[in-house]
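Keeping their order, the protein sequence lines are chains A and B.
Sequential numbering of the first sequence, starting at 1, is according to my numbering.
Sequential numbering of the second sequence, starting at 1001, is according to my numbering.
Don't read these hints as lab results, they were simulated from the structure.
The structure displayed is predicted, hence computed values, not measured ones.
No false leads were slipped in.
Calculated pairs, DMTMM-like style, for lysine to aspartate or glutamate (alpha carbon to alpha carbon, straight line, at most 25 Å):
id, chain 1, residue 1, chain 2, residue 2
1, A, K141, A, D361
2, B, K1236, A, D476
3, A, K141, B, E1241
4, A, K141, A, E57
5, A, K141, B, D1240
6, A, K284, A, E338
7, B, K1236, A, E57
8, B, K1142, A, E341
9, B, K1142, A, D273
10, B, K1236, A, E144
11, A, K284, B, D1101
12, A, K141, B, E1203
13, A, K284, A, D269
14, B, K1236, B, E1196
15, A, K141, B, E1196
16, A, K141, B, E1224
17, B, K1142, B, E1196
18, B, K1142, B, D1317
19, B, K1236, B, E1125
20, A, K141, A, D365
21, B, K1142, A, D269
22, A, K141, A, D435
23, A, K141, B, E1229
24, A, K141, B, E1125
25, B, K1236, B, E1203
26, B, K1142, A, E338
27, A, K141, A, E368
28, B, K1142, B, E1191
29, A, K141, A, E454
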Amino acid sequence: MSDKPDTEVGRLRSSETPTGDGIGRDGARNGGAQDGSAEEEVQALRVLRRGIAMSRELRRGLPVIAAVGLFTAVGRLIVPVMVQLVLDHGVIGPEGYRPGLVLALSLAALGLVLVVAAASRFALIRLVRMAESAMLGLRVKAFEHIHRLSLATHSESRRGVLVARVTSDIEAMALFMQWGAMSWTINPVLILATLGVMLYYSWQLTLLVLALHLLLLPFLRWIQRRQIAAYARVRDRVADTMGHTSETVSAAAAIRAYGYRGAVRARLDRAVDRQYQAQMSAFKWWAAMLPVVDLVSSVALAAAIVAGVTWSEELGIGAGGLVAFVFLVRLLIRPISEIGEVFDTTQAALAAWWKVLGVLDTPVDVVEPARSEAESLPAGPLPVEVRGVAFSYRTGGPVLRGIDVHIPADADVAVVGETGSGKTTFVRLMARLADPSSGEVLIGGVDLRAVAPEARHRGIRMVPQDGFLFAATIEDNIRYGRPGATAADAEAAIGELGLRGWVDGLPAGIQTPVGQRGGRLSVGERQLVALARAQVADPGLLILDEATSAVDPETEEALAAAMAHLARGRTTVSVAHRLSTAERADLVLVFDDGRVVEQGRHIELVEARGVYARLHRSWVGNTRRAAPRGQEGHGRGLPAPGTVAS
Amino acid sequence: MSASREGIARRGYRLIMRSVRAHPVPHLLALVGALGFVVTTVGIAWLLGWITDNVIIADKAERTAPAVAAAMVVGISVASGISVLMRRWFLAMAELRTQRDWRRALLHRYLDLPMDFHRQRDPGELLAHADSDVNTATMVLKPLAFAVSVLVLVVVTMAVLLVAHPLLALIAVVVFPALAVISRIYTRMVEVPSAEVQRRVGEVSEVAHESFDGAVVVKTLGREPVEVERMRAASKRLRDERIRVGRMRATFEPAIDALPTVGAIALLLVGAWLVGRGAATPGDLVLAATLFSLLALPLFIVGFFLEEMPRSVVSLDRVDLVLQRPVPTPTPAGPRLLPEGPLDLEIEDLAVGYGSRLVLDGVSLQVRAGETLALVGATGSGKSTLLETVVGLNELSRGSIRLSGTELGRIDPDELHEAVALVFQEAFLFADSVVENVDLERGSAPEEVAASLTSAAAGAFVNALPEGDATVVGERGVTLSGGQRQRVALARALVRSPRLLMLDDATSAVDSVVESQILANLRRDLDTTVLVVAHRISTIELADRVAYLAGGRIVAAGTHDELLALDDYRSLVSAYEQAAVP
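Use the sequences and the hints to build the structure in full.
Rendered as structure tokens:
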């Protein structure tokens, strides 16, 4: 498979049925098992190079790691060198037992051990700092990138999978940083140093041992490839488990109301089982590797003994030398097996790193303009010009086609049409939650793609149907509407919208915590807060996407009246099923199957007897038979229209 | 918190025993492998001592001696390799199976605990329990078998050293307790920060989950920079906590590392003196030194084991906080208590609250079998809570709910789910096909699913999907509009032919043409009791009676015309009329 960077782009843009989770290199699918054959091969070195290049902390930390490695390596070499020195010069040397020398050597070694321990403590602390800062940087970077991706990419991804990328995957890397990174620096130094000492005793025997160990290289490479692919699958399975967990938690109410536990339980069990299987199959390489390495080392040891004894004169190696040499070969085994030991977490970390890099490689499809070229929006109400706009999601057919609309500044526009006719997509384009596939959207005379994000967020505000709230108080949530908004601003927004009565009825008033996603409030109440959040921003273009669909009629009408009053000096575009909004509007846009089929004022459209007239007739039929006309009935603390001070 | 309760060692022991009891065979086989490794390790050390004395230093070794020595070295290594393979394979199995068990138990708990649990918990935190906490909890199992086998190695080493010379053994006697003391100090120090690390991991997960969940709002508010800062702050707290633990580790690890080296130096010092006096042979000294250096790696592993213990224990504590919550014992599947046909509903003095806030306070209401009752009330008046309570999602603080005379609590959950269906205001679709989303494992016939989709006015757009009703919807795949989601969710209720159907503003995102169509279908297709939250007059007029809910209680119930006498009610339902443009 090609490993060009743009394969990802290709897959993301493909018009086939969705193959993955939208973001990054996900193999976690609902159904089919992954055999690895279809996957892009994980290339350890490429991951490493890119990953390190990307992280300043890691680049800076490399010398630290090397220093730690050196210190610890020296510490571990003390014993064998001591054995050799004591044996050769202090015990079985020509002068026999020399207590003074032995004592001196011992004290020197002890001192060295203490120095090494202190030095490696210092270096370890540096290493932990460096590694944790690198993880922090990577986590935040991935998180930021995910937020920069468009809504389309988000809606194709499962929540739990996205969370996995910035939690579980990073944790797998942190684990490696804690246990693996050190081994990779200590042990090569140890191996080299040991080889160096071995060379001093006999270069021929050293070469023999080395040659036998080199046989391992193709084997290691073979096993490494399989291991990293296996770990890439583990990451996918972990993400899949998290996806199902997230769904189970989010759907808690529906699952309980429908007694849907059996299938969900089976699905969770299956995800957990498959994660286990993927992990076991990754572990089998780990289990098999060390024994093989160990065996080769032992063969090398045996060969050294045979050769050393048989040709001791030719090699010029004495009995003491050979004893030391054999000891050194044994010593070589430990760093080699330690590398074998961490090989596993290394591969796991690389696979995780690859997944995170995959997130960072996912192209941002709504690209903000360069700071120098970014334009601002004029103050006051904003006109909207939509020219020849078409839009389709990556999957499925066109959602919008040939849209040409002019909305004058200060207008009050209603967007109506059947569900699925493209209304929501249309208004999302005006808030630049996506860019049109073709055509352009001009706000205040500026192509929306050229508008600076800050200007866009200040000038244009969309209130989606789902009044998502953050787990904070009502006041905080309202203040999030505009950077720098104060408590007084939040209070003012509540007052302007006539929501004081409602807020005062809550247990802690405006300080009431709303809970996760706003879950402690009803759906309608969440919409009220979302509306106040928009009010506090006072945008030049306000887009309401069924922003009051769950609010009771009386409150909704009072809100509409309050907003109409506030809307002076503001362009408002509302998607609404409740056509009372359309009746009041300056302009009604009627959507049908991705096109604007009618536009004009309410009266004109009713007389045209088209799509709108039909919708309206049914609306009137559904809503107006209630009470005698002309009653004043705003009894629940909601101000009557027109009486609100702005 | 738990620090004072019981020592880490004791809790760690119980953690290990939980795993051993559940998976004795893999643990046992791993231990056998580990012991095999110890035996072969000692064997090689002994062999090298023998080779030193009899092959290398010996003046007149036999010609075949080197070959014999080589064969023995390789032979023991093969045995050692097999034991390593065994240890690793079965260790991984024991650890991962334990992980699987705990993870599964946790996820089942998420599924079985009452709704209240989910209202109190953050989804991100629950994700962190199932992922990071379970992983960390089993971390201590990885070096378990090795650590146990090291005890054997220590005993063997002691024996060999004793045979060589008692003085050499004495050095070992000093080294091992020193290890125990050092790790005990470390474990104590590190417990609280370890718990803190796991808490911070959960916090990062919470921020990520909430933030991605609200991606639309984050985008519309332009709050990305703020969210990134929030993530950075949470990640920084995690990093700082990790660095704190890292500093402790940085003291512990070099100490553990230095200990065997110090022992070996002492050994050489004493050993050389003994050899000098002729009390021991150089071979003894080599053997002793080799054994000590061999002990370094196992000692390191014991150190690792002790190092992991506090982290694992505190992670398991977090998992246990969920696992120990009692699951409501399901009502035994007794005889069916509900009669055939539409059910009647009787609510008496019902109070329901979230936390300290009572959302419903003294609701009394009767719905007769086959009746359609519209529930009308202002935003936040408790309509949704009332419906959720009838379907069994909320605990009753007070009062009672009876379905056709039977207390809600006495009805078998399966029977309840079959008889009563609630269509939520916010339609949640699972990442699955339309059919599965409607059926939800009920086992409906394809015709039933198709018919319910048609009733819910969803037939046409579902058929137009790329793969019809087999199209995967939900979190990913084809994106449905809000109104389309609501209609699939409605079909989910209809396919069950419920005997009490509750609609919580279930068509709020559906346009009025389609809504009238749906209402007409319901009237035609259903023989059931209906409780419907209504805003539009058309829906209210469909109802036989209307109950007006305000301030958490039923203010009045009666026909629409009767209720119009109430000012509040009239102004609520006639709002659209008021707003009409001539």
